[in-house]
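These are the residues of each chain, in order.
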Amino acid sequence: MGPQTLSQVLRHLPPIQDANLLVGLDKSDDAAVYKLGPDLALIQTVDFFTPVVDDPYLFGQIAAANALSDVYAMGGRPLLALNIVCYPSCLPPEILGAILRGGADKVIEAGAVIAGGHTVQDDEPKYGLAVAGLVHPDRIFTNAGARPGDRLVLTKPLGTGIINTGIKARLVSEEAAQKAVETMAGLNRGAARAMAEAGAHACTDITGFGLLGHAAEMAEASGISLAINWASVPLLPETMDTAALGLIPGGAYSNRDYLGDRVSFAGGITPTQQAVLFDPQTSGGLLIAVGEERLGLLLDLLQRSGIDAAVIGRVLPVAGAQIAVTV
Amino acid sequence: MSNITILDCRGLACPQPVLKTKGELDRPGAGKLQVIVDNPTARENVTLLARNLGHQVEAEERGGLHYINITRAGAAGAGANISVQETAPARAASTSAVDTVYFITTSTLGQGSPDLGQVLMKSLFVTLAEQPAPAAILLLNTGVHLALEGSPVLEFLARLAEGGAEVLACGTCLDYYRVREKLALGAVSNMYEIHSRLDRAAKVITVA
Numbered sequence: 001m002g003p004q005t006l007s008q009v010l011r012h013l014p015p016i017q018d019a020n021l022l023v024g025l026d027k028s029d030d031a032a033v034y035k036l037g038p039d040l041a042l043i044q045t046v047d048f049f050t051p052v053v054d055d056p057y058l059f060g061q062i063a064a065a066n067a068l069s070d071v072y073a074m075g076g077r078p079l080l081a082l083n084i085v086c087y088p089s090c091l092p093p094e095i096l097g098a099i100l101r102g103g104a105d106k107v108i109e110a111g112a113v114i115a116g117g118h119t120v121q122d123d124e125p126k127y128g129l130a131v132a133g134l135v136h137p138d139r140i141f142t143n144a145g146a147r148p149g150d151r152l153v154l155t156k157p158l159g160t161g162i163i164n165t166g167i168k169a170r171l172v173s174e175e176a177a178q179k180a181v182e183t184m185a186g187l188n189r190g191a192a193r194a195m196a197e198a199g200a201h202a203c204t205d206i207t208g209f210g211l212l213g214h215a216a217e218m219a220e221a222s223g224i225s226l227a228i229n230w231a232s233v234p235l236l237p238e239t240m241d242t243a244a245l246g247l248i249p250g251g252a253y254s255n256r257d258y259l260g261d262r263v264s265f266a267g268g269i270t271p272t273q274q275a276v277l278f279d280p281q282t283s284g285g286l287l288i289a290v291g292e293e294r295l296g297l298l299l300d301l302l303q304r305s306g307i308d309a310a311v312i313g314r315v316l317p318v319a320g321a322q323i324a325v326t327v
Numbered sequence: 001m002s003n004i005t006i007l008d009c010r011g012l013a014c015p016q017p018v019l020k021t022k023g024e025l026d027r028p029g030a031g032k033l034q035v036i037v038d039n040p041t042a043r044e045n046v047t048l049l050a051r052n053l054g055h056q057v058e059a060e061e062r063g064g065l066h067y068i069n070i071t072r073a074g075a076a077g078a079g080a081n082i083s084v085q086e087t088a089p090a091r092a093a094s095t096s097a098v099d100t101v102y103f104i105t106t107s108t109l110g111q112g113s114p115d116l117g118q119v120l121m122k123s124l125f126v127t128l129a130e131q132p133a134p135a136a137i138l139l140l141n142t143g144v145h146l147a148l149e150g151s152p153v154l155e156f157l158a159r160l161a162e163g164g165a166e167v168l169a170c171g172t173c174l175d176y177y178r179v180r181e182k183l184a185l186g187a188v189s190n191m192y193e194i195h196s197r198l199d200r201a202a203k204v205i206t207v208a
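Line by line, the protein sequences give chains A and B.
In terms of our numbering, the first sequence opens at residue 1 and continues consecutively.
In terms of our numbering, the second sequence opens at residue 1 and continues consecutively.
The set of hints was computed from the structure by calculation and includes no laboratory data.
Treat the hints with care, as some may be off.
Unchecked claim - No more than 27 Å apart at the CA atoms, straight line, and that leaves these computed lysine-lysine pairs for DSSO-like: (1) B:K22 x B:K203; (2) A:K168 x B:K203; (3) B:K22 x A:K179; (4) B:K20 x A:K168.
Chain B on its own, in the form it takes in the complex (with noise of 0.2 Å):
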């Protein structure tokens, strides 16, 4: 049977409600969780705070209160055994790209001459952006070069952006190369954000 628990946030002022769901959403379980609070910035705020942390939302408005329905990531493969197994070969098939998330900690690809490193790396991504966009480009480490003003790859990430990848890199790497004013595409990120998209991918391609 689904297992729902229900957090009642009404009258509550901002934080409480965020700090509430947070306080659920880290305890260890599966189930879904339906949040009500009584005001919009709440249910935004709340809204934000699960799809950050890589869960589902739906979120409806009834007789002036605001019901926020999550779905745990995972959730479903703890009770629901049918459902899953009905729907894991559509998604596979269908959602590869979307699912998907490259973590590139690197300019070049594969050890080697620096030179053919950073031809394959053109390479990869003049085959990425033939395909599908994935969820996400993170770069992190020496990868946030390939972001920035000059790169070699710079107009297939662009491609690859305009097709709906989400392009992140690391704001503490970019620092380190001093190198922050000249990136072209791609929002400055962190570590939890990376973490985030990490955690939540179906598949992730690290490229390092």
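Next up, chain A with everything else stripped away, as it sits in the complex (with noise of 0.2 Å):
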């Protein structure tokens, strides 16, 4: 759904007063975070979509990659998961059977357990998982502990939307649509303890609302504005020339429409590199905020991981939540 539509939906529900939850609906945060005791935090989250390749098992890792990613951006560590299941039964159970094995696959890599899971007939496959996670109550990563000076880190490259969409019109190279799927199998465990570990004061990461909408969340919640520079966003391969065509998921404007003036662009950043900005993401990596200081550390740390992270922006003392991009 979009951000509009559910911003309007949520605005509905009657507000929680719980001094144990930590991390609740009013920031637009990746995951609930509840406290259990002085030491301990609960981290619940739930994501599930439909195919977004051809392969189920790719299919079932990346979905799951996608729902452990919330636990991350907290700082959590996954502890378990549940499966959702919404499938056709015109469709042979093989398939299912495929899915699942790749989602149970990457929630063994994360280090975590699936314990069951509950299914629902449906006319289109979808898949996800529930997941609950672990955190100490003060280590906690919130999208609204940015500061003014931060520098802005993003550990995968943009461009899975526009690069599926390619991939559907057959005008994607075999080898970019292979880099993708990859990239949205990835888990960001390595991420999440390398700004753990950094002390980075900020988190969140990047889906359905595109690097623009997940940035703006961050400056909504933490109360200033955010500088990105178009140039420093890395993109996964063929992103630029699949876009250029008009291969870009609706996502992307519906991003853009709920933004609004809230983004401002530099002259010469072209209608196309705007669409590459706002495209909604399939398990896209983190985005963190890190004081100057810190930013050596989170790099070399990210570096020693394998991740290719890349510094697109810095936090601004402004107030207003506003997007500033650079060329």
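Please dock the two separately framed chains into a single complex, following the hints provided.
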């Protein structure tokens, strides 16, 4: 669902008064966090979607990596996962088996366990996980901690929505498609560890609202504004070529319309480049705000985990949650 | 008479409208193309495609449908001589800078001493910055150095960008010289985009 519709629906929910709910709906964060004791908090999240790739095993892996990512984005470690499955009766059960195997393998890779799940008959297959994780209450990473002067680090390249659209149009090379799948199926575990060790200030993962949508949520929750440098934003191979052909998912335009004039683009940023920054991501990377003095350490730790991260902008000492995109 | 092809893409799921439009625009020929789509995403995407291919696009919504009217680049010359003769002198006089693209493949101007070449390049940019900005400045090979931090022409390039010039730096070249992080101005681009700017320019000035 687009951010516009979602925020309208959520507005009508009753406010929650519970001192133990450390992170709830109000901050538009990645997952809920509930304090269980002085040194333990529970992270709870759920995420599922329709297939983004043809291969059922890979789809299972991607959906699981995507669901687990919300726990990593909060600085936690995943503990327990439950499958959520919608599946048509007309498709062979072997395909569902492959989806679940992909998901289970990814959960094992994350060091968590799958303890069951729930299936519903539906016209279109959907898969994902409800994930519970743990975190120390003093070491929670929210999107609300960004401080003026912080640098912004992105841990995966952008473009999965555009490349997936390009794959449907058969206008993306096999190599580029493969690279997109690897990126989507990759866990954010190493990135989360690096950010915790480096003592970063804030984090969110980049998913359906695109880089600019999730950046805007961080700006809003932190009470600051952000500058993002287009030239530094890492892209999946063939993203620009594919976007230039108009192979852009509708979600990118919903994200753009929702953010409206909160985002300003420097002259010279083309409509195609703008669409890339609004592109909804599947299992995207972490967007991390880190103090300038810890930036080197963070980049070093990320590199040692084999993560190709990029410094894409900075936090501005300006209220109003504006995002300025520079050339 | 005007020659309009109509492409009815109602009821087609994305990315079909884009693919059909691309197929039509890839065919040699002139004339106008009208694409009819039934959702805003298809309208945005077909418009983006056609503009990126260098064509003129106007879109309108009527009765829940989107009509995207595409005038192909160079189509005016095919069957309407009179209108071309009427508009050509006016365009040439008033929009010479707007339709001009600078294609710069070197960081120094001319053959000979590199020091002199650098002085001459700066002098060129000083001059350029005093004129109306061109449509685009495309930086290739060592030309990408002009847009890096510490470049002697950076302030003039910035003035041109503020004046509306699109500055594109070749990403392959930035990577080859390992200077992508130092890019201070302009967008990292690729050959597809650079070629599309050259292709649709009324005048290309190459500085090699």
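Tested hints:
no.: 1; hint: B:K22 x B:K203; in the structure: holds (25 Å)
no.: 2; hint: A:K168 x B:K203; in the structure: violated (37 Å)
no.: 3; hint: B:K22 x A:K179; in the structure: holds (26 Å)
no.: 4; hint: B:K20 x A:K168; in the structure: holds (14 Å)
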